[in-house]
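> Okay, here's what each chain looks like letter by letter:
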Amino acid sequence: MNAPTPIESSQAASDAKGARGAIAWTEIRAPARLVLTNEFGLILLIAIFGAIFALGTPGFGSQFNLFTLGRTTAIDIMIGFSMMVVIVTGGLNLSVGAIGVCAAMAMGWLLERVGLPVPLSIAGALALGGALGAVNGALIVRSGLHSFIITLATMSVFFGVMVFISRAQAFRNLPPEISAFGRMRIEGYVSPLLIVSIVVGLGLMALYRLTPLGRDMLAAGAKVAAAELSGVRVGRIFVICHILSGILAGIAAIMVVARTGAAIPSMAGDLGQDWLLPAFLGPVLGGTALAGGRVSVLGAFLGSVLVSELTNGLLQYRIGEFWVQTWLGLLLLLAVLMDLARRSLLARMGSLTR
Amino acid sequence: MTAALSRFLRTDWFGPLAIIVAASIGISVFDPSFLSPFNIQILLLAASVNCVIAMSQMVIIAIGQMNLAIGAIGGLSAICFAGLMQVWGFPPVLAAAAGLAIGVAAGLINGYLIARTGISAFIITLASLSIFKGADLGITRAQPFYGIPASVKAFGNTTIIGAVPWLALPAALVVAGMWYLLYRQRIGRYILAVGGNANAAELSGVSIARTVISAHAISGFLAALAGIMLVARLQLGQPSIGDDWLILSFAAPVIGGAALSGGHVSVFGTLFGVVIVAIITQALVIFRIDPYFVEVVLGLLILWAVGVNRLREVKFQNLASTA
Amino acid sequence: MLSLEARGIQKAFPGVLALQDVTLTMRGGSIHALLGENGAGKSTLIKIITGVYRPDDGELRLNGEAVRFEGPRDAIAAGVGVVHQERNLIPRFSVGENILLERLGGGLLRPIDYDAIHAEARRWLEVLELDLDPRTPVSQLNVAKVQLVEIAKALSLRSRVLLLDEPTASLTPQEAEVLFRLLRKLRDEGASLLFVSHKLEEVQQICDEVTVLRDGRNACPSRPMAGLGRQDLVRLMIGRNEQIPDWAPSDHSHAETMLALKNVSTVLGHAKIDLTVRQGEIVGLYGLVGAGRTELAKCILGLYPLTVGEIEIAGRPERIASVADAIHRCGIGYISEDRKQEGLILAHTVLENAGITVWRKLAGRFGLLRDEAVRAHVSPVIAQLEVRTPSLAQIVGNLSGGNQQKISVAKWLAAGVRILIVDEPSVGIDIKTKAYIHELLRHLADQGTAILLITSDMPEMITVADRIVVMDDYRIKGELENSRRYSEMSEGIMALIHARDAA
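These protein sequence lines map, in sequence, to chains X, E and U. Counting in the working numbering, the first sequence runs from 106 upward without gaps. Counting in the working numbering, the second sequence runs from 1175 upward without gaps. Counting in the working numbering, the third sequence runs from 75 upward without gaps.
If you are wondering where the hints come from, they were derived from the structure by calculation, not from laboratory data. For every residue, glycine included, the Cβ atom is placed at its ideal position computed from N, Cα and C. The reader is advised that the hints may include incorrect statements.
[What the hints assert, rightly or not] Counterexamples of contact, computed for chain X against chain U with all Cβ distances above 12 Å:
no.: 1; residue: Glu-144
no.: 2; residue: Leu-160
no.: 3; residue: Thr-162
no.: 4; residue: His-251
no.: 5; residue: Tyr-294
no.: 6; residue: Ile-424
no.: 7; residue: Leu-445
[To be verified] With a straight-line Cα cutoff of 35 Å, these simulated DSBU-like cross-link-like pairs (lysine-lysine) come out:
no.: 8; chain 1: E; residue 1: Lys-1489; chain 2: U; residue 2: Lys-372
no.: 9; chain 1: E; residue 1: Lys-1489; chain 2: U; residue 2: Lys-346
no.: 10; chain 1: U; residue 1: Lys-259; chain 2: U; residue 2: Lys-219
no.: 11; chain 1: U; residue 1: Lys-336; chain 2: U; residue 2: Lys-346
[Stated by the list, open to error] Which bits of chain E does chain U cover? Going by a derived footprint, with three or more residues having C-beta under 8 Å, they are:
no.: 12; region: 1357–1367
no.: 13; region: 1371–1380
Next up, chain X with everything else stripped away, as it sits in the complex (with noise of 0.2 Å):
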């Protein structure tokens, strides 16, 4: 049989009537269709990796690291979470580091020179969050523009307005609670940062496998006419997920400001385009699609544990810190190119997978 053309590959799908002769997915025993899935997969590596750092390097597996480790890996995947939230509508948003940072700036002046207690701070930083994030949303449902366009051009507002206002100065005086949070050690090993990032991801997991909201989000996401003539509210849909979007990411921030004790401008990087990789780099190994209609909260949440797990490793290895980008973009590619090839082996079995 020869093998398909990129157009004969897309024709296929339309062209196809019903799944004649084909296996359906659901006959597949259960204990096989796991091992397909991605999260497998995903799990799987971050085992093998975990063993090989642990056993090649001797400051790996050490307590601190593992703390280390973890504290990261909860900002990587909070991050991504953030960006997932706009995936699965199918735009993309390029200003979560942007609004991160905007966020915490917010806390740092609250905590500063307002003198608000703790709380009330955080929630005015996740306010602004929000309330950025529906800026992005208004202005993409408005005008009907692509949502790279238009958050390519709020990253841009926002880390302005930020620095101007800030006049590129950190907030350093915070209150201790904030990095005494940052350090502080369950069993030695685990940082409540992480915990946050769990329960996050159980809410969102609760969002979209139990709430109305959640699958309209994803009916929107896969096809918006049909989910608007089938009474999704589907501009209200892509606001409210601009607004988690923001909100997700000032809890990022606020890991980050938690981390280092400090609420400085230049966290995310310029513009705040540090953020992108690792906003993609989760969500995608995950599988997450670009396209929308598809979420896997679970695997967003292990593509940025094995994210952070190679990271480190790398870096025990003395895999000189600058090319930790290089490795990350590889990966990046390589992931993707993995996820396509598992998904021509599955079409070819007749029947896409979720």
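Starting from the known structure of chain X, fit chains E and U onto it as the hints suggest.
Frame of chain X; chains E and U shown alone:
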């Protein structure tokens, strides 16, 4: 007269040109030194490099994609250019050729991956952005190359005649070349065809893969050229070259009327978009507005420009459906 | 004269055998019909003949010599041209550049000579008697002109074999006549034409020979059209006789009016629309392509605003602010004509598609909703519609067209709508499912749903509707009670469409 005027109004470049003229007149009223030869030279120096950056993204917008790796490719080519001269004593022309070759190679890799795997350009160029940026940092260990030959430094900072700097020459050649490519050459028409309706182009026998690869190769070449030009102007090989190219690379083509869905760009519109950005940056300095505000202005400009383009596109579609 | 033969063609895709041992023989100087239901394999066969696909088995022969096409370019070079169902021109390029897209010329140092290109294009436009400036951007042309430009393009490639896939789908009867005159002229000059269409009347009018496909195989070998009547063709296509149900006309004048449009004008250009649909009634809205019927449906749904007049639901004037409003508050459902983009989410499961209208209603305490609740609500509906699917977790995109259509109906049944707008329900559906859908609509109406049926299929309209409203150019042209006598009704409808507006 009115027929000719309405034809001008409908082009992509007329609006931006009008803005340039109005802004120049307006600013020079406040500050007459704005139109001085010295100031014009500064404007042209900034615009020359930015022009090549914008053209690099423009050719990818034409094909209906986006290239996030432009800065990384430019940066990598720049430090290779500087490094070859400083560390291995390459003559500037040879080092520049090597730098350009690197840019083309990077573009070819991007184009090949996108064409053959069908994975979105966004993800592929996000990955290659990281790969090339990492290589940039890895090679330089975050330290700039200072050993730039005097001839190169002169090229980047002196003038040919009057206020026109040497750097404007490659920029002008690029503009002319892009115009010729997109409007008088088959490969350029195919790039616009694939961006306009890839399926239709393919059924007419146009090879989408070859067109995509060519577009990315051109984009990589131009990014590398911009990087090399920037080394000449900055007089050192900075690893951070390219870090701030992303917003600008989109702002100018969009101000110039490009359709992000592909199939429609304006070479002169993009050029005038670059000039507008340069003027605004200058104006911020003249009016003593915080330089941090540049980012904000660029972002707002993009929002305004895409909004306007969107309105024009909606009108364009309405025209088609009622015909 | 060029003859083309496809012999013993086999083509499979992952999970589907599209064509099996299919043979098609086209003689030079003839118009050959290719018939078959959607899914029979016509599109795949065309794509093989035009080089887009390669056959797994079998061969193509031109004038007796075996040929092998590696891509569309080879087919074009061999003289095979095609005008596809979808429009395939570059919108921002000029007519001339589109026609000559493969042959723009110019080398590295030689610019493209646009004057020569437009002059050459003009020649081909003149062959088609098209008075069009080749420099016009394609985006400024209407659908009919675009189609004719595509034909000019196929001719300019010196195609001696020309394939036309549903060429009259977007043409008015007058435009179709112009096209037929042209096709006859080309045939008389020796070209070999393949005509693919669902409209059996047209096929019988213009085609000399016919091949029928069914389920990926030949239902009949390539043969002359002489001696085959409509019933014969239908029998070949579906394997049995077409059954036109015989429903007695029913009287609904005493039923409650569920949907009423009073003197409605919309932003899309409708004016003075008066329309009522009563409980239990099926009102057919007939019109040609471009009459504005789908657009009217979308206005009723709340997608576009009214400028004048009002809409009454069950006797109460309502301002419908959005689609969600129309569906959840007013109980209006809409089955779209574009099933794949607007009616269904092909990547999602049966359960997700059928349940999309009722999630919010089914949510329990704390606003939570479990799959079991949706399944309990939706399963009976799926079973009632006899949807053939291995399970509710099956991806809808993998089901047949007929089953997909049933699911797009299922979600409205599950939602319990009072008013249902059905837009071209039988496009791309096999005849058996089509009959089933008609029965279903009748059944729904009998249970009290008010149904507005939009269709351009005259037989379907006359079979199903109680009352027929005729629409043209965004205005209502008139109304007829359906006597169910075919020739009487079709004449009445056409008369209304062509009637001049009373000033």
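> Enumerate the violated hints, using their earlier numbering and listing them in ascending order.
Failing hints: none at all.
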